[in-house]
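Using the sequences plus the hints, can you model the full thing?
One line per chain: the protein sequences are G and D, in this order.
Under numbering that gives the first Met the number 0, think of the first position of the first sequence as 0, with each following residue one higher.
Under numbering that gives the first Met the number 0, think of the first position of the second sequence as 0, with each following residue one higher.
30 Å max Cα-Cα, derived DSS-like pairs, lysine-lysine:
hint, chain 1, residue 1, chain 2, residue 2
1, G, 29, D, 1
2, D, 168, G, 83
3, D, 2, G, 29
4, G, 84, D, 147
5, D, 168, D, 63
6, D, 168, G, 84
7, D, 19, G, 58
8, G, 83, D, 143
9, D, 143, D, 168
10, G, 29, D, 172
11, D, 172, G, 18
Derived by calculation from the structure, the hints in this document are not laboratory data.
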Amino acid sequence: MLLVILFLFLGILIGSLLKSKETVINMTDKLIEWFIYIFLFFLGISVGANEEIAMNFLKLGIQALILTAGAIIGSVLASYFVYKKFFKA
Amino acid sequence: MKKSIIMLIFFLIGIIFGMKSLLGKFIGKVDISLYALYVLLFLVGIGIGGDNRIWKIVKNVNIKIFLVPLSVIIGTLLFVGPLSFFIPGISLRDSLAIVSGFGYYSLSSVLITQLRNETLGVIALLSNITREIVTLLLTPLMVKYFGKLAPIASGGATSMDITLPIITKFTGKEYAMISVFNGIILTLIVPFLITLILR
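Right under this line is the structure:
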């Protein structure tokens, strides 16, 4: 999976070289958008065809909610600490 | 906001297709997705590398601005780590990977689906979408009780675009810059962190 990161780096490198070419960057954004639509469509298909997911959807939703709550509480508390210590004038 | 809805619609149409098992058998057999993932990350990289805003902000602001995304990462992982032991059916590692999406649900769900499986991908999708929605809804309250960095932290990677307008409205212009910075850094870190955790 290190290949994934390699591709990301390659992209960043090329992106910073193309920085002045705004049309290229805008086109990339559009491409990403469509890529993700198509990806989510395919993810939807495999989710819909997967009975295990369909049957456990509620459970998955609850797991997701607990994780979100934890993530938000944790980051808000940490940011509150940073805010009080470094930002509040 | 509009884009999020379009994404959801694509996902839902996909589910219906899958349930009716249209295309399903065909797609299950062909694994083009890994290559597609490489292309996607390459494109995401170009987007990040080509983003001018980050250099302008770094030049203009105090170094302490780095503390904001750092606190989001540390706070999220430190809190969710222990919490994961109380959630049945999901491991510590998988939990950490899911919350390392920091609200960037499209990329995190795609990555996690590829690196693990569809079930976890769906949890990642739901969890990170919720992060965005909760931030949109609770920004005023967060600012009131936990200070102006709170909604920025909660918004995570989305604080550079989707949640930026509401954050700016309740925290002011000077925090808008911090918000954009935070979002860009987290967006950049998401693919690294998820790949690292699930390696």
